[in-house]
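Protein chains: 2
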Amino acid sequence: MALSTLSVLPTLLVLAAASGADAAPGVKPRTMQQVLDASAPADWRRPDPAHTLYLDLPAGRVVIELAPIFAPHHVANIETLAHEHYFDGLAILRAQDNFVVQWGDPAAGEAGKEKSVGSAQRRLKAEFTVPWRAAFAWTPLPDGDVYAPEVGFSGGFPAARDRKTGQVWLTHCYGAVGVGRDNDADSGGGTELYVVIGHAPRHLDRNITVVGRVVQGMELLSALPRGTGALGFYEKDEQRIPITALRRAADVPEAERTPLELLRTDTPTFTALVEARRNRRDEWYKVPAGKIDLCNVPLPVRAPKP
Amino acid sequence: MALSTLSVLPTLLVLAAASGADAAPGVKPRTMQQVLDASAPADWRRPDPAHTLYLDLPAGRVVIELAPIFAPHHVANIETLAHEHYFDGLAILRAQDNFVVQWGDPAAGEAGKEKSVGSAQRRLKAEFTVPWRAAFAWTPLPDGDVYAPEVGFSGGFPAARDRKTGQVWLTHCYGAVGVGRDNDADSGGGTELYVVIGHAPRHLDRNITVVGRVVQGMELLSALPRGTGALGFYEKDEQRIPITALRRAADVPEAERTPLELLRTDTPTFTALVEARRNRRDEWYKVPAGKIDLCNVPLPVRAPKP
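Taken in order, these protein sequences are the chains called F and B. Here this note's numbering is used: position 297 in the first sequence is 297, and no number is missing along the way. Here this note's numbering is used: position 33 in the second sequence is 33, and no number is missing along the way.
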């Protein structure tokens, strides 16, 4: 069987233990696989269990890395909600094609029926952008952006910044996790979360608080049946997908955790990876783009070597 | 129940008969819904049944509009394949998350087992780009693009062009339909087709022949279970989704067709729609982007008024 395969690696990679094979360091140009094969242990990082969420669904686990530096109050509030089991037993309420999957309390807003938020807050002041500071460790992308003056990576997250306003923000790339809100800017708190499952809706940037991104298990969300109600809401109770549990990794016994390593975005290896993707060198490509869009940069994930 | 809804309309709209309601022509700025409510019958077009495909799956129908002006030989070849029932009984072979769904002959490449292409061709010369001519009726977008010197719409399709080379090409936005190929540029012919189901893989532009786009039924493809093999291929026969039939609308009895109207992209109404999406005016948005990415421009579809 020799299918035409569009031989392109997935954007969200889960690599088996890297092969450590025959890369030729110093020889350019390289493919992404060669860059990864030549990577050193220090090119990889393990996400902090205190800021990692496990969204456990009947079909499996979605792993979310939170970005406390970009939305400190929302992240802390979501971690409190998770620690106190707020989301356990709630449900995925919405799957809108080429847009978002969203979960929360089916009874939200119904007096006397909605679930208590415990010691967490129901509403917080918006964290749509935060002031730039050196701690953000910026890795710029060179090819411009339709929506923002400058885009790049910070702490492993795709982000944008504006030197004029001094603000930086997480961008709505595929897999971004944000905080649903009503019309009031300060009406979200983290009790309803959404994940981008389509073309990056970058017009949401700076309009809603982004708290992190999915690093494994996207297909458990992106392949859900789309809701047939307005905005992709499920119309019947039985269409909703129950949340088995949403926990901080730190609250899960070590043996039940999902060990992952993520490629750092502040290293020469990452810069080489970006370059490998700006100009694809495998035989399939006839016209290398010479450019890359922020949301097309792969952020490799692998299981740690045993 | 008052959920935080991220009150944003879907990018791929299927409108019920337009309300014709209370839009105030001439009063700006307007929302997209106001623009559509004020649209005239002449703002809409019906796709040509000779160049429309119905991909009928067990779960329903996917409607594809072909773009013969951009890929005349591939489109004609695919129409021959459809007319001669080549695809009927074949299968969806691949669903790779954030990338593509692809269908074709599970036995492709197996001597003596693969399906005959009848009077069609198995391989054609690549049509990655075509020479610009006035017939393309270009509606430019004003906000630039990471990948191409110029982007806009032509005949209802998102496209890019380069005045220096005089070439124009269809872009890989969500829903784009392209022709799978092997490493040789001229190795595709239309026996394997793919649809973009994730963030626009614009690096494929000018590397593969794009023949059209899905105008209805995307969710029948985008919500398919992802394949667990390399590149998202299904590993077992029983995981593949059988194609009931893939026919030209013109070959389907009138009573079994799916009547649709698409918003024209060469009218002041479309320009107003783009403007409404560049600067969202509904109450939910706090910081209108002021810009729009090619692949975020909605291309509204509606059922014709009875």
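Worth flagging that the hints you see were computed from the coordinates, not collected in a lab. If you're wondering where the values come from, they're calculated on a predicted model, not measured in any experiment. We treat Cβ as the ideally placed atom computed from N, Cα and C, and that holds for glycine. Take these hints with a grain of salt, some might be off.
As the list claims (entries may be wrong) - Here are the simulated distance ranges between beta carbons:
#	chain 1	residue 1	chain 2	residue 2	range
1	F	Pro268	B	Arg46	35 to 45 angstroms
2	F	Ala230	B	Gly144	41 to 51 angstroms
3	B	Ala303	F	Ala42	50 to 60 angstroms
4	F	Pro140	B	Pro72	12 to 22 angstroms
5	B	Thr228	F	Asp88	41 to 51 angstroms
6	B	Val287	F	Ala134	17 to 27 angstroms
7	B	Ser116	F	Ala107	32 to 42 angstroms
8	B	Gly166	F	Thr31	26 to 36 angstroms
9	B	Glu283	F	Lys286	30 to 40 angstroms
10	B	Asp237	F	Ala230	15 to 25 angstroms
Hint check, failures only: 1, 2, 4, 5, 7, 9, 10
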